[in-house]
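Each chain is listed here by its residues.
Number of protein chains: 2
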Amino acid sequence: MIARLCILGVGLMGGSLALALRHAGYVDEVIGSSRNEAHLRRAVELGVIDRYVLDPAQAVAGADVVVLAVPLGAVAGMCQRIRGSVTEETVLSDVGSAKGAVVEAVRSAFGHVPSGFVPAHPIAGTERSGVEAAFAELYQGHRVILTPLPETSLEAVGRVRGMWERTGAVVEETDVVHHDLVLAATSHLPHMLAFGLVDSLARMGNHDEIFRYAAGGFRDFTRIASSDPVMWRDICIANRDALLGVMARYEADLRLITRAIEQGDGDTLLKIFTRAKCARDRFTIG
Amino acid sequence: MIARLCILGVGLMGGSLALALRHAGYVDEVIGSSRNEAHLRRAVELGVIDRYVLDPAQAVAGADVVVLAVPLGAVAGMCQRIRGSVTEETVLSDVGSAKGAVVEAVRSAFGHVPSGFVPAHPIAGTERSGVEAAFAELYQGHRVILTPLPETSLEAVGRVRGMWERTGAVVEETDVVHHDLVLAATSHLPHMLAFGLVDSLARMGNHDEIFRYAAGGFRDFTRIASSDPVMWRDICIANRDALLGVMARYEADLRLITRAIEQGDGDTLLKIFTRAKCARDRFTIG
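In order, the protein sequences belong to chains A and B.
Letter by letter, the first sequence follows residues 1 to 286 in the numbering used here.
Letter by letter, the second sequence follows residues 1 to 286 in the numbering used here.
None of these hints come from the bench; they were simulated from the model.
Some chain B residues judged to face chain A by a derived CB distance under 8 Å, without partners named:
#1 T186
#2 T222
#3 I224
#4 T258
#5 T274
Each residue gets a CB set at the ideal place from its N, CA and C atoms; glycine is no exception.
Start from the sequences, fold in the hints, and give me the full structure.
What follows is the structure, encoded as structure tokens:
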């Protein structure tokens, strides 16, 4: 049970967490804080939070659990504002898609990693955003990855794990570097390719016709290019090193395909396409 | 109406065309030909064709309409085998995903472009292949692109258009070069990116875990990497020039994203992602 939960940034992610925990009866009081008072008032009306406090330092004071749910690009600034109000007893967590940058922001603001800090990444989302889009079932059946640090207390990990399990999520643990690499490969890289493809086609001549011809596979392929540009800018900056690493590998692998096409090397193309098809058929469903 | 239709290559595409026309009562007799007699026997059992003739030159003789539905890589050889049996009265068409290479194969085999030749590309397919996968509704509501040549007779175009309309397809016309460029951009390029991505990830360490983490967006994105490797090898070879052109543009555009990430240039990233999102949201549905 959580006596007082403080959500910093009451949007889709933070709002859905608050709703899920309130529905589960796992929290006595939810306090929200964000830059936009109208959004916070709406969050109270929607029953997402009990009340709000505009100043994040005041909002955090006295909370058992604090969840940073602001955009990745705002995490560092928020850490600076709350550092004086977070005690050694406070459990501090977040929802960011890249963990190394969040850990650095916390370390930089606090001068060390507080024992109550448990970096977390719930792998869930919708194409909508904001508190109006929040719903209690967002995390059901989705993975939440915790990346505890050597400084993190086992008790804090247990509390954050218990909180997420109450939302219906499946909680796993790994380390920061591994998380950032795996997410760079399976999520951040595909988004770059899809944004790049749609942008490339949009800048060709006849792009109305190009898009009109686009068949089913293309629609699936580019759906992720409809994601929030600001969020993805922040992810690129936050997970820069891991993302650049997988992009460099990908660009080299794509050049192998290009060269095989240039040389009319059907055997190499067949080998690559077969290996890819087998890997996908083996590891994915649907 | 078609008195005698000859399908060369009775797989998913050719078989579905035959079934659709038989169901519509638009054809009196369907003759099939392919390398594999067992497949042809099965096609007769399934009611896809009336009878088969193993030698394609004999199969073609006396047909009003001949449809080349062999894999793209087999088109040139097939043209060589049937050239003596195609008359000026024969309507000859195909189902290839790249049109320039098919036109070259026909021109090379016949020494000229027969006036009855109407290159066609039905934009439809499933993940399954072979005559067992054929069904009469495959083309309903899908686009079929005709790319008639200066040598092509209007009458032949009309007959091929009428045939495809009877399958429930929406028939459009454009020229060979334009078709090959648009398809390279909207279909062939995305397939290369998806094959390349899955292959790149499959060759990283921990690829079991990489694929296990792969979330919803990744599954959509890579679905097209489950397509038939042989077909895609043939398409790469057949549409080489157009595909290399769009791949070069794409690689340059992707490098702009890579450079912006390297430089921490959030403004450029936001501009590219926003442009892509707007283009996709404007031009696609779902």
